[in-house]
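Novice: Residues per chain are reported as follows:
There are 2 protein chains.
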Amino acid sequence: MPASQHVSPKSDIAISQDAPKRPIVELAREKLGIAADELEPYGRYKAKVSLDFVETLKDRPSGRLILVSAITPTPAGEGKTTTTVGLTDALVHIGKKAMLCLREPSLGPSFGQKGGAAGGGYAQVVPMEDINLHFTGDFHAIGAAHNLLAAMVDNHVYWGNALGIDTRRVTWRRVVDMNDRALREIVCSLGGAVNGFPREAGFDITVASEVMAIFCLAENLADLKERLGDIVVAQTRDKAPIRARDLAANGAMAALLKEALAPNLVQTLEGTPAFVHGGPFANIAHGCNSVIATRTALKLADWVVTEAGFGADLGAEKFLDIKCRKTGLSPDCVVLVATIRALKMHGGVRKEDLFAENLEALEEGLSNLRRHVENVKKFGLVPVVSINRFSADTVAEIALVRDACAALGVEACVADHWAEGGAGAVDVARAVVRAAESGKSRLNLLYPDDMPLVEKIRTVAQQIYQAKDIALDAPVAEQLAAFQAAGYGSLPVCIAKTQYSFSTNHEIKGAPTGHIVHVREVRLAAGAGFVVAICGDVMTMPGLPRIPAAVNIDVTPDGRIIGLF
Amino acid sequence: MPASQHVSPKSDIAISQDAPKRPIVELAREKLGIAADELEPYGRYKAKVSLDFVETLKDRPSGRLILVSAITPTPAGEGKTTTTVGLTDALVHIGKKAMLCLREPSLGPSFGQKGGAAGGGYAQVVPMEDINLHFTGDFHAIGAAHNLLAAMVDNHVYWGNALGIDTRRVTWRRVVDMNDRALREIVCSLGGAVNGFPREAGFDITVASEVMAIFCLAENLADLKERLGDIVVAQTRDKAPIRARDLAANGAMAALLKEALAPNLVQTLEGTPAFVHGGPFANIAHGCNSVIATRTALKLADWVVTEAGFGADLGAEKFLDIKCRKTGLSPDCVVLVATIRALKMHGGVRKEDLFAENLEALEEGLSNLRRHVENVKKFGLVPVVSINRFSADTVAEIALVRDACAALGVEACVADHWAEGGAGAVDVARAVVRAAESGKSRLNLLYPDDMPLVEKIRTVAQQIYQAKDIALDAPVAEQLAAFQAAGYGSLPVCIAKTQYSFSTNHEIKGAPTGHIVHVREVRLAAGAGFVVAICGDVMTMPGLPRIPAAVNIDVTPDGRIIGLF
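Chains as they are written, first to last, in this note's numbering: chain E, 929 to 1493; chain U, 929 to 1493.
Read the hints as simulated data drawn from the structure, not as lab findings. It is possible that part of the hints are untrue.
Said to hold, decoys possible - Straight-line C-alpha distance at most 20 Å; calculated SDA-like pairs for lysine to any residue:
#1 K949/U <-> A964/E
#2 K949/U <-> K1167/E
#3 K949/E <-> G991/U
#4 K1167/E <-> T1095/E
#5 K949/E <-> S978/U
#6 K1368/U <-> K959/U
#7 K949/E <-> S990/U
#8 K1227/E <-> T1095/E
#9 K1305/E <-> D1401/E
#10 K949/U <-> K959/E
#11 K986/U <-> T1095/E
#12 K1254/U <-> D1377/U
#13 K959/E <-> G991/E
#14 K949/U <-> D965/E
#15 K959/U <-> S939/U
#16 K949/E <-> K1368/U
#17 K986/E <-> G1487/U
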């Protein structure tokens, strides 16, 4: 993570490269009791834990699950991944057997501007340059499986189109793990009869693939294959769905994903075991690591810390209403990460003025944190607030946040894991243990399965975003009715909207109420098992900035990667 | 390899999966003296040998290099890869310290119809299903590096086009490791200003990427980065070249390829060490494994067997005139693989009549083998003919081939490694040892560096293909003159033409003479360091067949891959 707000004497990549790392085979044996032959090593510091071994854990008791989420993100940064890493290391500091589960970073943004996603400072998973580049190849496997299906769709049309695919209604795009705006909208199959039937098509970034979402929700290889078969790739002229199964593509797709499905084991800078596995988009998908990694971690450790994308209105809501709903997983505590800086931005302070104390703006911006606290409580879960410390934070500012949380009956602790590693987050760790051991968390899903799709969308909008209502254009309403009629009514909904506001306008900070959530488009993810409701602009293929990060990424003749951040 | 001509009680994949495999770390230590910490294991049976270790070998003496090539391929199959594997195992049988170097298979054809490329029967490198699927991720890394450069080209244009790229003259396409004809010709950047400037574009399969060719010719990481920088991606309106270096893309591309550049170590079914590394197309590129793998093998073993793509007119010619020219490598013997069946097809027999003895047709078809033998001799090298045995071969037929070879002063041996492993190829191994130890091989490159490009093409056509002459349209001649003027005149040429004939007409079997080689197009591969001359139709993006192999590929719930061949 680019910790642009911190001034460090050392870059993230230098900290990672200089860190003494334990051979992963030793670490797995000593800390998790995994024998060497249950691991598939990828180099010395990364390994996949075999699915056979995962299967043997089924009847073990499960540890406690801690979900790390955050306030609504701002350009000031929150530090959710560093908190996930630091908190887990801190749990080890206070004597707990802990591990963490993160998403795998996408390659594209590493060459764009977002940077990697392996934490930062002294709260990182390592080796960060491997994790941020190809890692164990999972995303490449997901891309290959996705694109095999795409090739088989056009190939079917080419060779006679026995299924009667309407080439105007092919919804299955292609993917590449690269930020490449030129591929967003293309016309393919040009150049004459030997190349097929020209049609409009396009590419998404690999993390936006439904295969990625399926991969992260699959319980095992057999479940993966079935879900892949359920993918709807196109319609006939009569609007009948064409599935991956109809093309006999899902077996080969599962074969391509077989190795990838085993969870990836790495370590934090402090030698705490970490699964980094799967990474679906948090807008059009559910935005958290694989079910297999989370379940396996819960069998191997007493405390498992995991992260959901974006703010709690999106990431936590989807974690709970999609991942937990489908799997029976249930967090024992939800950590809400906040920074004084970001809260001040929610209170109207401009980025250049963040260094000055401003208690009024902070009080104003606390509305955002309060809303997220209330939302977590609506789910029946106990929140803990972790204030990710920055050097400009004042004593009075921190006291104000603590008091505001205390008034809500919520513990708020200051964390400084970025500079100090796990030692910097022991207060948060203790608060998390108290919250989890209180036994007060009892997950209430926001809506029942049998609520109609349109009502589910309305419920999320009103309950979580505090919107007045939703608005649907006629074609969207018809499409939802069609999904309902086709038997998909019991699926949860996955709302894609800006992560920068509770509303659908990314400029509205704080805690807006009374807004209307306009649903522009709905899409069926029949394999993943949810209906996506797109509200506002959602980009499934990013572009590169004017000066891509790639320009500064390099490798020395002796093989040291530089410029990754 | 699909051994469609053989009837086996067991599929290739079943043989591979049932084979007792040695842990690669043990095998590397015992057979090659490589310590465990010089390896980056990828699972238990695959490992990359660290580039640091490779560097330490520099001053060791080199072993003998044996190049396996073949007659002109026919649908009857030759078995070049199985011969490479079987011969190496056979060298071990007769007491030699041997290893082999192969290309990595491309993922696309595994799902199409060609099948994998890890050998077949009892002459395979294993684990074949891993090698044929993602292996160690090298091709994915090459694809990512290629597509990063492509994204940076369009991104540069998008953000103001300071370099003045003429979007009509962008020659850098995109790649995907999939057979996908729909991507051959596209229009990209549609959808309005936010997606860039619409232009014609397209995809090749990853093995056709110049990055692949560069990867396979690079001496080390620094050389790789320089060559990547030399890639010409486009021209300005004044036809000035735009290079990857001008976009500052080559550092990040090299960073993406850093891990991949270390050679992949696996084993044969008999436990002989094998490098499987890199895999450029044999038409528009030079078609053999990486220089790093070949060099490293020569430092680790006394005998190294390697393979070049297609028949000797294409694969061996490029191996010698491109790879050997650039590196100083030089084979001690060239094995020409032939089958009675294929020779009979060269003599005019139809596929359905191959089971009957036909000495006249065989004699006729021997013209093809004779031409290849002569060509190998033109290079100053000693050929050995390996007759890959099939059950229908008769005693008289085999005698005819042996006699024909004897008349040329060449040893011909029957090999049955497909059924018997290394034990089936000891006669070939002994002949190879005799040929190599005779010391008679002295490589003569076909043309000097300073011969003009057009004369180089003519020389290959006349000397190797026995063409009467070449024909160039005016624009092609102009383009060659422009390359010459721009300082690329000293590069070798890489001729892309059908592999099924010495001529450019794939239907002309045997040993045609007096034909004209029509050069349709020339392309500069400035990073790889050769000029491609395209003669006839060359496909850089295959399509899937009516029933793709993918339809039968599957994985069982316990993770066993089936249907790969």
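Novice: For every hint, state whether the structure bears it out.
Specialist: Here is how each hint holds up against the structure:
This hinted pair checks out: K949/U and A964/E have alpha carbons roughly 17 Å apart, not beyond 20 Å. At most 20 Å may separate the alpha-carbon atoms for a hinted pair to count; K949/U and K1167/E exceed this at roughly 51 Å. For the suggested pair K949/E and G991/U, the alpha carbons sit about 37 Å apart, so the restraint of at most 20 Å is broken. Under the criterion of a C-alpha separation no larger than 20 Å, the hint pairing K1167/E with T1095/E is consistent with the structure, at around 12 Å.
Of the pairs offered as hints, the one joining K949/E and S978/U holds, with about 18 Å between alpha carbons and a cut-off of 20 Å not exceeded. Of the pairs offered as hints, the one joining K1368/U and K959/U is violated, with about 29 Å between alpha carbons and a cut-off of 20 Å exceeded. Distance restraint check for K949/E and S990/U: the Cα-Cα separation of roughly 36 Å exceeds the 20 Å cut-off, and the hinted pair is therefore not satisfied. For the given pair, K1227/E sits about 47 Å from T1095/E by alpha-carbon distance, which is inconsistent with the 20 Å threshold.
Distance check on the hinted pair: K1305/E and D1401/E sit about 32 Å apart at the alpha-carbon level, beyond 20 Å; violated. With a CA separation close to 29 Å, the supplied pair K949/U and K959/E exceeds the 20 Å bound. Under the criterion of a C-alpha separation no larger than 20 Å, the hint pairing K986/U with T1095/E is inconsistent with the structure, at around 57 Å. For the hint linking K1254/U to D1377/U, the alpha-carbon distance of about 10 Å falls within 20 Å, and the restraint holds.
About 15 Å separates the Cα atoms of K959/E and G991/E, which keeps this hinted pair within 20 Å; it holds. Restraint check: the Cα-Cα separation between K949/U and D965/E comes to about 14 Å, which is no more than 20 Å; the hinted pair holds. Pair hint K959/U plus S939/U does not hold up; C-alpha atoms about 28 Å apart against a cutoff of 20 Å. Restraint check for K949/E and K1368/U: the C-alpha separation of about 53 Å exceeds 20 Å, so the hint is violated.
Our distance criterion of 20 Å between C-alpha atoms is met by K986/E and G1487/U, whose separation comes to about 18 Å.
The earlier numbered hints that this structure contradicts are 2, 3, 6, 7, 8, 9, 10, 11, 15 and 16.
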